[in-house]
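Going down the list, the protein sequences come from chains A and B.
The opening position of the first sequence corresponds to residue 1 in the numbering used here, with each subsequent residue numbered one higher.
The opening position of the second sequence corresponds to residue 1 in the numbering used here, with each subsequent residue numbered one higher.
Please keep in mind that the hints were generated in silico from the structure rather than gathered at the bench.
Given the structure is predicted, the values throughout are model-derived calculations rather than measurements.
Heads up, some of the hints might be wrong.
[To be verified] BS3-like mimics (lysine-lysine), calculated; alpha carbons at most 25 Å apart, straight line:
1. Lys111/A x Lys430/B
2. Lys93/A x Lys430/B
3. Lys291/B x Lys350/B
4. Lys80/B x Lys93/A
5. Lys93/A x Lys114/B
[Unchecked claim] So the derived label-pair ranges between C-beta atoms look like this:
6. Gln56/B x Leu97/A: 47 to 57 Å
7. Gln76/A x Pro178/B: 55 to 65 Å
8. Trp72/A x Gln436/B: 30 to 40 Å
9. Ala70/A x Glu343/B: 52 to 62 Å
10. Leu97/A x Asp77/B: 27 to 37 Å
11. Gly200/B x Leu125/A: 32 to 42 Å
12. Glu128/B x Met87/A: 36 to 46 Å
13. Gln76/A x Gly200/B: 48 to 58 Å
14. Met137/A x Pro178/B: 48 to 58 Å
15. Leu97/A x Gly35/B: 52 to 62 Å
16. Ala70/A x Phe371/B: 46 to 56 Å
17. Gly175/B x Ser184/A: 21 to 31 Å
Even glycine gets a Cβ: it sits at the ideal position worked out from N, Cα and C.
One-letter residues, chain by chain:
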Amino acid sequence: MNLEEAEIRMASHKAQDQGEQILSNDAYIQYAAMIKNAAKHWRRTFCEAGSIWQPVVFLTPATLVLFVFAYWPLLQDVWLSFHLWNMISPAMKFVGLQNYFQLVTSAEFIKIITNTVLYIVVLLLVNFLLPYLLSFMMAHLLKRFSFFYRSALFAPSTVSLAVASILFLWIFNPLAGPLSILLSAVGLESPRWFKEPVLVVIVIGLIIGWKVFGYNLILLLSAMVDVPKELIEAARIENASDWQLFRYIIVPMTSSTALYVFVITIVFGLQYVLVPVNMLTQGGPDQGSTNLVYIVYQYGFVFFQTGKAAAFAILSMVIYALFLMLKTKVLDKKVHYEN
Amino acid sequence: MKTAKQLLAWLCIGTLTVLVAGCDSSTNVSQKSPGKAVIEYWHVNSESFGGPAVKQLVEQFNKENSDIEVVEKYNPDMYKGLTQNLQAAMASGKNPDVVQMGYSYLNYAGENLKYVRIQDIINKYAPEDKTFLSDNFLPNILALATTDDGKQIGIPYSVSVPVLYYNPDIFRQAGLNPDQPPRTWQEVAQYAETIKNKTGNVGFFMQEFADNWAQQALIESNGGHILTKKDGHTIAGFDSPEAAQAYQVLVDMVKAGSGLHATNEEGFQAFISGKLGMVCTTIGKRENFEKSAKFTVMATKFPVFEGKARKLPAGGNLLMIFSQDPVKQKAAWRFVKFLESPEALAVWTKGTGYLPPRKGVVDDPKGLKAFAEQNKNMQVAMSQMPEVVKWASFPGVNGLQAEQTLIDVRDIILSGQQTPAEALKQAAAKVNSLLQ
Chain A
1 MNLEEAEIRM ASHKAQDQGE QILSNDAYIQ YAAMIKNAAK HWRRTFCEAG
51 SIWQPVVFLT PATLVLFVFA YWPLLQDVWL SFHLWNMISP AMKFVGLQNY
101 FQLVTSAEFI KIITNTVLYI VVLLLVNFLL PYLLSFMMAH LLKRFSFFYR
151 SALFAPSTVS LAVASILFLW IFNPLAGPLS ILLSAVGLES PRWFKEPVLV
201 VIVIGLIIGW KVFGYNLILL LSAMVDVPKE LIEAARIENA SDWQLFRYII
251 VPMTSSTALY VFVITIVFGL QYVLVPVNML TQGGPDQGST NLVYIVYQYG
301 FVFFQTGKAA AFAILSMVIY ALFLMLKTKV LDKKVHYEN
Chain B
1 MKTAKQLLAW LCIGTLTVLV AGCDSSTNVS QKSPGKAVIE YWHVNSESFG
51 GPAVKQLVEQ FNKENSDIEV VEKYNPDMYK GLTQNLQAAM ASGKNPDVVQ
101 MGYSYLNYAG ENLKYVRIQD IINKYAPEDK TFLSDNFLPN ILALATTDDG
151 KQIGIPYSVS VPVLYYNPDI FRQAGLNPDQ PPRTWQEVAQ YAETIKNKTG
201 NVGFFMQEFA DNWAQQALIE SNGGHILTKK DGHTIAGFDS PEAAQAYQVL
251 VDMVKAGSGL HATNEEGFQA FISGKLGMVC TTIGKRENFE KSAKFTVMAT
301 KFPVFEGKAR KLPAGGNLLM IFSQDPVKQK AAWRFVKFLE SPEALAVWTK
351 GTGYLPPRKG VVDDPKGLKA FAEQNKNMQV AMSQMPEVVK WASFPGVNGL
401 QAEQTLIDVR DIILSGQQTP AEALKQAAAK VNSLLQ
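Could you build the full structure based on these sequences and the hints that come with them?
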């Protein structure tokens with residue numbers, strides 16, 4: 001320690017000495033002027049409005065980050081998908097398109113796609129349609145307690161998905177859970193929620209709802225509240241029913257936010273599936289709860305077949321891209337953007 | 001100008017600190033140990049999974065051996081993480097000396113890693129220990145660290161086995177004697193039915209982890225096999241009448257409502273909250289069950305099929321040595337010998353819940369005698385050591401995916417979609433295509 005301190009002190013003395021030397025030197029002043037000129041030149045080319053370089057300068061940091069953390073891994077993933085590699089062995093074997101071929105022809109492929117679609121349906125019901133209707137009610141039909149509902153419905157979003165998973169594991173426990181007690185009180189036997197093919201997807205959809213529902217509700221609510229009061233009052237004067245109000249004013253006026261929520265419900269929702277599936281079912285029963293995102297994890301980190309995992313990842317990427325294209329081509333045209 | 005000076009000063013300080021720190025770490029090893037053998041011990045034990053026991057053992061060893069210094073290094077992500085680090089380290093010529101290796105990596109390690117045969121080190125440097133392995137380990141336990149081609153690549157260190165836990169309160173309610181737990185699978189089925197009829201609770205659950213471990217015990221105890229050899233190739237062996245019969249016991253219970261088919265955690269939750277009579281799972285859950293349950297958790301041996309031998313796959317790890325330098329090899333052997341001593345194994349068992357692989361630790365007053373006497377459930381597990389077999393490991397690049405097929409088929413069978421014989425036959429075909 002002492003040695004270090006002494007050296008540091010010496011270093012700072014040395015630095016001071018050097019600084020003074022530079023300061024007393026004429027050459028330094030010339031040097032400073034040169035730098036000043038260079039800086040001016042630099043400013044003119046890169047920073048002044050109208051220069052073609054200005055946008056480049058501003059965009060470079062973000063582009064670099066995006067390239068390093070998004071596009072470079074994507075390219076690596078493509079490269080990996082042409083190989084056989086177990087993540088441990090130093091030798092990687094090039095197999096061309098074999099991974100893609102095996103994956104598309106396998107029996108589980110149909111199951112994975114069906115499950116993914118099923119997840120999308122459940123997620124849209126729980127995390128898009130339901131919050132949409134509820135937010136409409138809260139903004140325009142509810143006369144009182146709206147603050148209470150808002151807080152109560154948002155609160156679960158603050159709980160982590162892992163915690164929600166364990167919570168639901170208890171609630172749905174077929175022998176000891178509160179739900180099974182309620183069911184047995186009316187003479188029914190609790191189904192094996194996490195061991196039945198379609199039920200398991202619904203239950204996992206509910207768990208994700210626990211996390212996402214409140215957030216989507218607040219987003220949609222803000223759009224609902226933004227609908228001009230004059231429009232609604234005018235409609236009321238014209239004796240419009242609640243349904244007409246909803247159909248002809250609310251739906252078009254909130255369409256841009258609704259589209260956003262629609263997209264994140266699917267894109268984020270499918271990714272959220274990973275946590276509860278990994279914690280509760282590991283893709284079971286008989287691959288009944290797996291989807292495009294979990295299968296990537298399973299092949300990569302459970303089977304250590306990184307080539308196939310990469311191929312699945314590229315495939316999901318393509319499907320996402322198709323979905324977003326569809327969204328831009330079809331849905332965006334029906335949406336009303338304020339600006 | 002003052003700021004420029006300050007900036008320069010700070011820069012210098014920064015550079016110097018880095019230099020000093022750099023020197024520090026490189027001189028560390030050579031300064032600290034003139035004539036002292038420094039060896040590295042790589043393990044997978046996090047703070048909540050035996051980490052404190054590792055630290056305690058290393059500290060004790062270093063105190064007792066002034067000429068050796070063991071440095072322990074934790075590797076996250078279990079044996080996969082450890083093997084990755086190991087391969088990277090060996091590629092750069094800086095291998096550790098003593099390493100924990102999971103039984104599931106046995107063949108991979110034997111084929112791909114440059115290990116040193118422990119018996120060679122013993123013969124060369126410690127002839128007095130020549131018979132250490134055969135004297136202190138049962139042959140079936142030593143076999144856990146023997147690869148398929150017959151090489152002893154290390155020494156077994158941690159062993160876990162399945163046992164049958166039960167809730168004595170539910171037994172009493174059902175008019176069953178908790179001191180006479182079921183011995184055979186037939187009795188398990190009877191007990192489960194009695195529990196269902198008398199108490200309304202479900203009687204039995206066998207673990208449904210994302211592995212086939214407990215089911216292998218069931219199948220092999222009925223004389224079946226998970227894998228067999230045919231023309232020198234390893235192929236699926238579980239499409240046999242014995243395996244189907246073994247599974248039938250479980251299916252019948254689930255169908256009758258006296259057995260539970262659920263996720264692992266659900267089964268354990270139900271048992272802990274007193275809604276389930278018997279659970280068949282690893283001895284590793286002992287402490288958790290005993291702590292969380294409101295009743296006295298009791299355990300008995302893994303049930304048998306009448307007239308057939310009990311065969312229990314071992315979970316856990318073995319110790320391997322990778323030192324190339326003779327001094328380090330000697331030191332590594334002394335450390336391994338210490339880890340495998342009754343005293344050290346006692347610390348290890350208490351800290352992790354694994355069973356000691358060595359003979360006699362249970363009866364040794366320096367070992368686990370006092371602990372075992374207090375803990376009947378631990379005694380039960382330890383008494384099964386002679387019946388331990390290898391956990392089937394599927395060879396080849398698709399090996400782990402083949403194991404998934406067995407997990408999937410378990411769901412198909414237990415949910416009653418197909419009969420065990422049909423489902424196992426289809427699964428075997430799939431496994432065989434994966435193993436090709």
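Of the numbered hints stated previously, which ones are contradicted by the structure, given in increasing order? none
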